[in-house]
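Protein chains in written order, with my numbering: chain L, 21 to 364; chain P, 21 to 364; chain X, 21 to 364; chain A, 21 to 364.
One or more of the hints may lead you astray.
Identical chains share a label here; the pair holds if one copy fits it or two copies do between them.
[Claimed, not checked] Here are the simulated PhoX-like pairs of lysine-lysine, each with C-alpha atoms no more than 25 Å apart in a straight line:
{"no.": "1", "residue 1": "K155", "residue 2": "K328"}
{"no.": "2", "residue 1": "K328", "residue 2": "K181"}
{"no.": "3", "residue 1": "K328", "residue 2": "K77"}
{"no.": "4", "residue 1": "K181", "residue 2": "K209"}
{"no.": "5", "residue 1": "K77", "residue 2": "K209"}
{"no.": "6", "residue 1": "K209", "residue 2": "K328"}
{"no.": "7", "residue 1": "K73", "residue 2": "K209"}
{"no.": "8", "residue 1": "K73", "residue 2": "K155"}
{"no.": "9", "residue 1": "K73", "residue 2": "K328"}
{"no.": "10", "residue 1": "K181", "residue 2": "K77"}
{"no.": "11", "residue 1": "K77", "residue 2": "K155"}
To be clear, the hints were calculated from the coordinates, so they are not data collected in a lab.
Residues per chain, in single letters:
There are 4 protein chains.
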Amino acid sequence: MRAARLHAYRQPLALDEVDEPRVEGPLDVVVRIGAAGLCRTDLHIQEGQWAEKSQVKLPYTPGHENAGWVHEVGSAVTNVAVGDTVIVHPYISCGLCRPCRAGDDMHCLNGSFPGINRDGGFADFLLTSARSVVKLDPSLEPKAIAALADAGLTAIHAVKKAIPVLGPGTRAVVIGAGGLGHIGIQCLKEMTSAEIIVVDPSEPALVLAGELGADRTVRVDGNHVETVRELTDGLGAEAIIDFVGENGAVNDGVAMIRDGGFYYVIGYGENIDIPTIDVISREISFIGNLVGTYNDLEDLMTLTAQGKVSLHTATYPLDAINDAMADLHAGRLRGRGILIPAEA
Amino acid sequence: MRAARLHAYRQPLALDEVDEPRVEGPLDVVVRIGAAGLCRTDLHIQEGQWAEKSQVKLPYTPGHENAGWVHEVGSAVTNVAVGDTVIVHPYISCGLCRPCRAGDDMHCLNGSFPGINRDGGFADFLLTSARSVVKLDPSLEPKAIAALADAGLTAIHAVKKAIPVLGPGTRAVVIGAGGLGHIGIQCLKEMTSAEIIVVDPSEPALVLAGELGADRTVRVDGNHVETVRELTDGLGAEAIIDFVGENGAVNDGVAMIRDGGFYYVIGYGENIDIPTIDVISREISFIGNLVGTYNDLEDLMTLTAQGKVSLHTATYPLDAINDAMADLHAGRLRGRGILIPAEA
Amino acid sequence: MRAARLHAYRQPLALDEVDEPRVEGPLDVVVRIGAAGLCRTDLHIQEGQWAEKSQVKLPYTPGHENAGWVHEVGSAVTNVAVGDTVIVHPYISCGLCRPCRAGDDMHCLNGSFPGINRDGGFADFLLTSARSVVKLDPSLEPKAIAALADAGLTAIHAVKKAIPVLGPGTRAVVIGAGGLGHIGIQCLKEMTSAEIIVVDPSEPALVLAGELGADRTVRVDGNHVETVRELTDGLGAEAIIDFVGENGAVNDGVAMIRDGGFYYVIGYGENIDIPTIDVISREISFIGNLVGTYNDLEDLMTLTAQGKVSLHTATYPLDAINDAMADLHAGRLRGRGILIPAEA
Amino acid sequence: MRAARLHAYRQPLALDEVDEPRVEGPLDVVVRIGAAGLCRTDLHIQEGQWAEKSQVKLPYTPGHENAGWVHEVGSAVTNVAVGDTVIVHPYISCGLCRPCRAGDDMHCLNGSFPGINRDGGFADFLLTSARSVVKLDPSLEPKAIAALADAGLTAIHAVKKAIPVLGPGTRAVVIGAGGLGHIGIQCLKEMTSAEIIVVDPSEPALVLAGELGADRTVRVDGNHVETVRELTDGLGAEAIIDFVGENGAVNDGVAMIRDGGFYYVIGYGENIDIPTIDVISREISFIGNLVGTYNDLEDLMTLTAQGKVSLHTATYPLDAINDAMADLHAGRLRGRGILIPAEA
């Protein structure tokens, strides 16, 4: 089969011919990839930022945001059958360790992460597990929903954590209305009663944010922190949902948070660097967020099926992977870039 | 009356003769000070670290950790009467704003903080409010419990936030077994089922920690982070309770936290400075803590009355305030320093 | 002033001339009544059902759902001024007991309940407290919002408790789309992502429910329990929100609840009567609900100002109180009945 | 192998010779039974109370509280190996449905319950699943801990739900200090800071309760409800933990609950029968409890290993099953009865 593989850091991916993965364990599932989302993390992988953390051996196949059709199943798989349309939770968890038994899949003590530390979905087929596939209505097209497997999943996971602090009269400031943020806005709209204030440097992104439910949009213009403080009675917002985490977003966000408020860290790149005296005298908290659970993904698929969340994407054939990565890097993508190895 | 007042930053306090405070509003309460705890924050105030934040006008009287006897009450005060023994919650809250109506006293939108931004308790009398006094058993001596008004209150407040993550089999790492920490350990013991690991550079502090309920004590010796990781299956602890917040405590604490864990910030001095990629890939959270609520203080007085929390203190007469501050600064104090303007 | 007073149980109210209430304590507030909602509880009071619980001495003035304009304030009142438009929280709480300090107004240990155990709002003026008035935009008409003070408050209070169990893909069954229910539906729509199934015997009520956001409506027709079970995959709903509590509603509700689910008791009249073996083998829970907190009322006013909650009412002059009660008793009222002592 | 089987309701069990169970699926585990606890539910099964609910086909083998050693494992089992000492979670859950993915094992949509609706542990061997076995220290004797698999698990599950309402100064009333209750008392002591009041008709049970941590013990003597109300400031307790659920326990418990409080239903037999007007005017809640999760069982084993929970038991050989049941029925058992098919 074809696989877009990374042979060396800071080099383009190569479209290689490799062996198809096969089911080995009783809970294994092989998925024929219908669509694979392209993530800023894939750029960071190519740049080598994850080399030490992931310890992955090159060459390997990135791609951690996948959807397609079940191609082969292990002997103990009962939740999907060959031919089923599925979206693939990005993590393979064991199901038996304590975090798994608590529903906290991402902290599985025996897990692996296709596309990060083993072969992922920029290929014709992907080896995953019964625990990682969510069965979908057969009418759904993988390319219409693949981006929910990671971008959307991360967004809903963070928003769910924020629900208890986002009652009537509160404000949520969303930093970044891009691939993750535009889903986060819709989740906030559906799952909380907060007023949603979206901050982004791009006017088209803000227009999209408004269409998706933002109550207020604020352009990053040097005065945006002050503008947000004015929109929040001079006190700041109860929640900052930061989908950017670089280029000054964190300092901006800290300045926009209300005393007693919560900062949800999702985007990454720069440091949180804050005096502990500010953390205690303002009693503010920073909440980390790592993708989401299997049930989070199911929830998101439910919201999508109900028409409450929709995606904005741009598609590329698999062999245009490097063009897609260049477009993402250059900021030429609107919404999420999606690779299409195969049509149904 | 006598009041130990700060006339200039970086100067000793002066013992001045000033007018006694009098009740003006219907909810005002004047307390005759029986004991006033000395806090590291008083040193920071003297050094000028709070000058900008508090906007207090010099000269003024510090002292935010007070207990004594009710001396005069306003017309609408129903919860205490003249002569009652009371401990004084450090904050004066309005009772009518939204945070007050939610029980979140410390974020009152109209509050003031005696000892920080108005006259405090290093004096014979203190003006406070009916909302800030907890009535005690008349047999209690103010000097025996004054330190619970701030040090203890802050400790229990943070521990209460940690309860949901500290079930059986979990570990709480307490950084610092001093004035706050030695109360925090007792609260953790009483309110959670976590194994308690205490980290401190002082051997006597660790001995005290062990007597108060620590399951493990670890001396700060350069290898202490590694030791804690070994004591936590190589994975780190579910909760770090940091009563220090300076001299490298934060970096140590971050290295000792388990993926998915929580860092409770209480001590202050240095910065949290951490890459957002670590916050998200490890899904760790930092929780700010600011003193505690009125009900937290009541809870702590209950635990004290039940014999579950006890204090270690050293007492000074009011006119020895500068000696006490010098002892605190030099690390010569064991437990909490307490000033005694008056005996019952 | 005029007051509609109950002189004897099971007798009509009499429109009496009585003294105006005056401010006595520093936190007292006298409100000129602009509108007073009529509640099924007023019928129950007239019937004598509350006589023993309330211990009220006849004659007295019912009316616990009030809005109007501030007429006189005590010396320590800072949150409202004479002339302000206000809605009146139904309970007078002390602000100093432990439940008050936790924001749990309704369980105040020193409270009183105008309209239940002291004179209420079926009159020209009402004596209440600074702690019980929410200041409103002066453009708001009391008659447009008075019903939120009790019916709406109770509905939002119960819905807020249900938020944690009403994520995407869950179902909430609302029993009763009347005075409380039609507000509950709107709160569920705004504050949760559950699918909302409304059960009611009245076709017009179901039509209104659909307009207000119900996803499914089910007529009480003998087969309605079965219908709801079919609409919930044969498993029942995660939450039953019962605004009726009589005429068989409880048995119906229990049969419609999913294993592990929650039953929110709001309406009253009949008994919960269920074998404990069913409670444990199905692990179902029954959650009591008593009006709501001051902050709940503020939240509801926020949702109303944002256009997310709207009321359906029918108005009567004060001297038509007995007509209004007869209409309510006979089921001739659509939405909430509102008495209007005075126009602005 | 030997199995004590029920051939007809209201008849003694028969000790039959039957085929040993064998591993069939990849996650199957066969456990050699070292100890099987006897539960009041086994009496109820024999009486036919569960016949309709369980739909079990006679003859079959009861016994849902098991511990022993792993005898055979399926091909995909990774968490235990042959020879391991294990305690057996009473439910077999699928691991793939939504409740399982949330850690909510007992509500698995595809589960089965050995001893209730299929063959249980009153036998030499038991067929269960990798998902149902907790690996123990090899030094632990099955008979010392088997009763934790159901009695203890149910107790800790209920206590964990009560933690948020049982802070300092609160009271928990434990109804019943028998097989479940004596573990519940220890869990309350370790996991909450509530004062523990234990109510039981048996003086020896109350003595044991006191040794295990009860702060107050109250004999059921007709005046016990009044006694408990006096011990709770005339207001009742924040939590009632009812391990009995019959013989008037529920009415007693309702009379002992504080307004705003919670009633945890664990024991069963009689009905909850309460006017909804009391549920709403007192805002009390009833919380169902069904055994516990896998992680609850792990937590309990941790507390046991730490010496914080200990069991009181009486042992019988397997062929004395009917004697054991007679002793339980007659109230001759102190602590939990344990059947011992085999020694290590």
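Now the hints, each set against the structure:
no. : hint           : result
1   : K155 with K328 : within (19 Å within a copy, 35 Å between copies)
2   : K328 with K181 : both (19 Å within a copy, 23 Å between copies)
3   : K328 with K77  : neither (40 Å within a copy, 47 Å between copies)
4   : K181 with K209 : both (14 Å within a copy, 19 Å between copies)
5   : K77 with K209  : neither (42 Å within a copy, 46 Å between copies)
6   : K209 with K328 : both (9 Å within a copy, 13 Å between copies)
7   : K73 with K209  : neither (35 Å within a copy, 36 Å between copies)
8   : K73 with K155  : neither (31 Å within a copy, 31 Å between copies)
9   : K73 with K328  : neither (36 Å within a copy, 39 Å between copies)
10  : K181 with K77  : neither (34 Å within a copy, 42 Å between copies)
11  : K77 with K155  : neither (31 Å within a copy, 34 Å between copies)
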